[in-house]
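Chains as they are written, first to last, in the working numbering: chain W, 1 to 118; chain Z, 1 to 114.
Source of the hints: derived by calculation from the structure; they are not laboratory data. Nothing false has been slipped in among the hints.
Just the calculated beta-carbon pair ranges, DEER-fashion:
hint : chain 1 : residue 1 : chain 2 : residue 2 : range
1    : W       : Gly53     : Z       : Val46     : 24 to 32 Å
2    : W       : Arg81     : Z       : Val14     : 44 to 52 Å
3    : Z       : Ile109    : W       : Pro8      : 21 to 29 Å
4    : W       : Glu20     : Z       : Val14     : 43 to 51 Å
5    : Z       : Ser114    : W       : Val68     : 45 to 53 Å
6    : Z       : Asn52     : W       : Ala55     : 17 to 25 Å
7    : Z       : Ser42     : W       : Val68     : 27 to 35 Å
8    : W       : Gly85     : Z       : Pro40     : 23 to 31 Å
9    : W       : Ala55     : Z       : Arg50     : 16 to 24 Å
10   : Z       : Val24     : W       : Gly59     : 18 to 26 Å
11   : Z       : Glu15     : W       : Asp56     : 40 to 48 Å
12   : Z       : Phe47     : W       : Gly59     : 17 to 25 Å
13   : W       : Gly16     : Z       : Thr78     : 47 to 55 Å
14   : Z       : Gln57     : W       : Arg81     : 46 to 54 Å
Per the computed footprint, the stretches of chain Z lying under chain W, defined by three or more beta-carbons under 8 Å from a beta-carbon of chain W, are:
hint : region
15   : 34-45
16   : 100-114
The beta-carbon is built from N, C-alpha and C at its ideal position, and this holds for glycine as well.
Residue-level listing of the chains:
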Amino acid sequence: GAGVSQTPSNKVTEKGKYVELRCDPISGHTALYWYRQSLGQGPEFLIYFQGTGAADDSGLPNDRFFAVRPEGSVSTLKIQRTERGDSAVYLCASSSPGLAGERAYEQYFGPGTRLTVT
Amino acid sequence: AQKVTQAQTEISVVEKEDVTLDCVYETRDTTYYLFWYKQPPSGELVFLIRRNSFDEQNEISGRYSWNFQKSTSSFNFTITASQVVDSAVYFCALSVRSGNKLVFGAGTILRVKS
Numbered sequence: 001g002a003g004v005s006q007t008p009s010n011k012v013t014e015k016g017k018y019v020e021l022r023c024d025p026i027s028g029h030t031a032l033y034w035y036r037q038s039l040g041q042g043p044e045f046l047i048y049f050q051g052t053g054a055a056d057d058s059g060l061p062n063d064r065f066f067a068v069r070p071e072g073s074v075s076t077l078k079i080q081r082t083e084r085g086d087s088a089v090y091l092c093a094s095s096s097p098g099l100a101g102e103r104a105y106e107q108y109f110g111p112g113t114r115l116t117v118t
Numbered sequence: 001a002q003k004v005t006q007a008q009t010e011i012s013v014v015e016k017e018d019v020t021l022d023c024v025y026e027t028r029d030t031t032y033y034l035f036w037y038k039q040p041p042s043g044e045l046v047f048l049i050r051r052n053s054f055d056e057q058n059e060i061s062g063r064y065s066w067n068f069q070k071s072t073s074s075f076n077f078t079i080t081a082s083q084v085v086d087s088a089v090y091f092c093a094l095s096v097r098s099g100n101k102l103v104f105g106a107g108t109i110l111r112v113k114s
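So here's chain Z without its partners, still in its complex pose (with noise of 0.2 Å):
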C-alpha cells in the first residue's frame, strides 16, 4: 500500500521569509510519481509539479522549488521569498501507475502574513 506523510499541519511565516513544506512517502513500488497540489481558500486544487521516481534532479520554478531525494524517501517543497498569495493548503501525493489514483497527504496549511 503507498502512503503520503505530510508532518506539518499548519506553517504560518511572515512575507518574505523562506519556507519548507516536508513530505515523506511510503511504496514498494520502483517505478512512481510525486505530485505537489496547491488548495487556496477558492477550494480548487491546482497541480505545481510531478516528480517521476527515475529522475532524482531537483527542480526550480520561480520562487519554487522541489527537492527529491529516494534515500530518504521524502520530496520537500520549499517557497523562498513568500508571499501572502502564498496562502493556501499544499498537498503532497504518489502515483504507482501512469495515470492511476492519486494518494494525498493530509495536507499543510500555509499562512503567510504580511
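Chain W with its partners taken away, still in its complex shape (with noise of 0.2 Å):
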C-alpha cells in the first residue's frame, strides 16, 4: 500500500515568511510524528499525535512552530516568523498497533521537506 507521503517536496522561503508542510500518513496508522534532521545529523523529535491530539510537543523549539492534526489523519506542521535557522529536513513517520493486541513500535517515514529559509 502507499506509505507516508509528504508535501511540498521542498520549499524555498525568505526570513520572516509563514510556511505550512503537510504529511500523510499509512491508511490507518493513528500516531503521527514530525522531527526535523538538520545536515549530518540524526533526526531529532519535534510532537507525537495519537489520533487527533498531540500526546507529546517537548520537542517544539518554540511557539513559532505548531502542529495539527484534525481529522486524526493529515497533519499540518506550521512555522510562523521563519529563520534561517528553521533550514532543515522535516520527517513525518505513522506507526499503528499491530493485530491481535500486539503492539506495532515501528515508525514508518516519509521522504521528508527540504525547508530552506533564505
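Take each chain as given, in its own frame, and dock them per the hints.
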C-alpha cells in the first residue's frame, strides 16, 4: 500500500515568512510524528499525535512552531516568522498498533520536506 | 533522559568485507526499545529492526545481524559480505515507551567501495 507522503518535497522561503508542511500518514495509522533533521545529524523529535491530539509536543523548539491533525489523519506543521536556523529536512512518520493485541512500535517515515529559509 | 551514541562517524570498506556499526545507549528505564534505520542517498529512512529490552536474543536477517548486550548497553549491527548497495547512513534509535518518540544517534556513514 501507499507509504507516508509529504508535500512539498522542497520549500524555499524568505526569512520572516510563514510556511506549512503537510504529512499524509499510512492509512489506518493512528500515531503520527514530526522530526527535524539538520545536515549531518540524526532526526530530532518535534511532536507526536495519537489520533487528533498532541500526545507529546516537548520537541517543538519555540512557539513559532505549531502542528495540527484535525481529523486524525493528515497533519500540518506550521512555522511562523521563519528563521534561517529553521532550514532542515522535516520528516513525518506514522505507526499503529499491530494485530492480536501486539503493539507495533515501528515508525515508517516519509521522504521529508527540505525547507530552506533564505 | 535518553541518549544514543554512534561513535563511528564514517566507515569505508571494500565490497565483501564484513563491517560492524556500533551503538551505545543510555536510559534509566527498564523497558525500552531499540531500532536501526537505514537512510540511503535518496533520503528516506528505512526501518531495519526493533528489539525490546527484555529480549536479548541476537537476530540474523540475511546478511544483517544484530548483537544486543544489556550489560554494556550496546546494540551493534553487522553487515556480512558488504555490497555497494549497503552504502548509506545508518541510525540507531531508542524509545522508552510503546509508540513514543525515537531518540536517534548522530548516524554512521557507511561507504562500500567496489
